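Peer 1: Take a look at the letters that make up each chain.
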Amino acid sequence: MKRKTAFIHSNDYLNYNFNDDHPFNQKRIAMTIDLLRMMNLLEDSDLVAPRMAEDEELALIHDRQYIEVVKEAGHAEQTPALAASFGIGTEDCPAFVNMHEATALAVGGTLRAAELVMAGEYQHAVNLAGGLHHGFRGRASGFCIYNDCSVAIAYLRQKYDARVLYIDTDAHHGDGVQWAFYDDPNVLTLSFHETGKYLFPGTGNITERGDGQGYGFSVNVPLDAFTEDDSWLEAYYAVLPTVARGFKPDIIVTQNGCDAHTFDPLTHLSTTMRIYQEVPRLARDLADELCDGRLIATGGGGYDIWRVVPRAWSLLWAELSGQDVPQDTRIPQTWIDKYQAESPVQLAPTMFDPEGIFPDIPRRPEITTKNKNTVEKALLYCPKG
Amino acid sequence: MLVEDIMKRDVITVAPTDSIRLALLKVHQYRIRHIPVVEDGKLVGIISDRDVRDACPSIISAPHDDDDQIMNTAVSTIMRKDVITAHPLDFVEEAALALYDNRIGSLPVVTDRDELMGILTETDILYTLVELMGVHYPSSHIEVEVDDQIGILADVSNIFKEASCSVTSVLVFPGKHLGKKNLVFRVQTINPRHVTDKIEEAGYHVVWPRKLEELS
Ligand SMILES: [Zn+2]
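Residue numbers (this note's numbering), protein chains in the order written: chain B, 1 to 385; chain P, 386 to 601.
Don't take every hint at face value.
As the list claims (entries may be wrong) - Rough simulated footprint, nothing fancy, chain P against chain B, three-plus residues with beta-carbon under 8 Å:
#1 85-95
#2 137-148
#3 266-279
If you are wondering where the hints come from, they were derived from the structure by calculation, not from laboratory data. Remember, predicted model here, so these are calculated numbers, not experimental data. Heads up, the beta-carbon is just placed ideally off N, CA and C, and yes, glycines get one too.
The task is simple: from the sequences and hints, build the whole structure.
Peer 2: So this is what it looks like as structure tokens:
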């Protein structure tokens, strides 16, 4: 049976574009849509247009002055001098034309998702342009200008008084969302990421557990560099169901960065396509069990746009729309033909990564043991069910 | 950075004539390990939670007639008078060294006339260190092994400048190998590759971020 799931999209999502050499490239969304269509997993009737986020809505999380600076930077000939102190005009977040409009649309997509799901029109909604989890109250960071996840969660709190479980499986710590709700016991942020010892942003330690009333409602699972599928999934299955059942959310918001894949050039985790089927599957099952299926999925990081992102996000959509993708599924030749010429690397011929194509991980038992310890400590003070 | 920049200014104190009972109450209430003893605004001694507990009647043994008497004794009878202190204008690293060398947990901060201005604990120092290392700020960690020669830090730093990569903090420490030093940069970018590539092109060895092949 097909589930009622919205795919929120606009071609204007591609305007979130820093420059042609920038690693954050929304062409990956167009490639995902192409792949889904060629595999007959996405129909026109699944598509829903996003809306713009209002300034009032952005201001639920962001400083007014910051919003003004973003607007100005997107319309000025030169990046305003003031912008640098707001994280704009840096190598990571250079100013670009209409940057406010492009980002407000991505945020509006996640808000639209929240509205559709809360109104019961759809059970799940997917907004791949969202997942900008590094955005801070008054500062752009890590390729993120506004933080759509934070804004949507604040909106869910304000408009629906919903208890929100936020699950972040990007390889980087979901710092922006964590700090935005650090003292709020009605928002539980749970992040699985590569340890911040070396990797940006450096936070996401197990000991970051929340503050005041919100103590225990920030949960961090920092995994060792070069963690592979088995250990990654062991941590995911050990922590997520326990925390979700203990917290009893009204809605689940997920961030689906797919930069934990071994091909990703920015991080050092060693997972394969396998986790990108299991991640949304468990989230969906828990949403069914705990909150009438209410689930919003956003995109996030993912910097191998050729071999990783289209496959990972296609699996995300397939899982949430109740369509099975068998293990031996091949990538349609039409899709490969369309993109191979542009791609600097050989495109993958199959949906999943066959076993044995990646080198063995040295010190694998050591990493596995360390991750087990991390899981144990991560669960110490959070709600458990 | 000076001691006065990071010390705590609202210090919990006792008077020499206060009872041990009061000192014990304050230790518990404020969850502190050290209480300066102050008379007319001047530091005259210090007591630690250990001193207080050692002086207190045992909770295991049966009550004695003199228990109450001990709890009512003045703090001055058990306080340490030879207090190791810091000056508000000392450098933080001097204060850290004093804590480390004397194996103590805190330093009362006093003026030349023994007036108590604040207190500095190991936790304050550790927190400052975290800030100095830039770990509290969204950043990536890049570690480079270089020859222990004059000018290399400047040369490597220049690569960051050319890559317009903003550096939050720099740490220099002796390397694992003889004649080498390790430089740790925390940089404000999610994408350190463009700068690490340039560092390697210039012939330096990047220790972190590490590649899978270098793990074994
Ligand atoms: Zn990421």
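Peer 1: Each hint: holds or not?
Peer 2: Right, here's what the structure says about each hint:
1. Figure legend: the stretch 85-95 of chain B, annotated as covered by chain P; annotation consistent (3 residues with Cβ-Cβ distances under 8 Å, at least 3 required).
2. Only residues whose C-beta sits within less than 8 Å of a C-beta in chain P count toward coverage, and the stretch 137-148 of chain B has 3 of them, enough to reach three; the restraint holds.
3. Look at the stretch 266-279 of chain B against chain P: 3 of its residues bring a Cβ nearer than 8 Å to a Cβ of that chain, three or more, so the hint holds.
Going down the numbered hints, you'll see the structure goes against none, and every one checks out.
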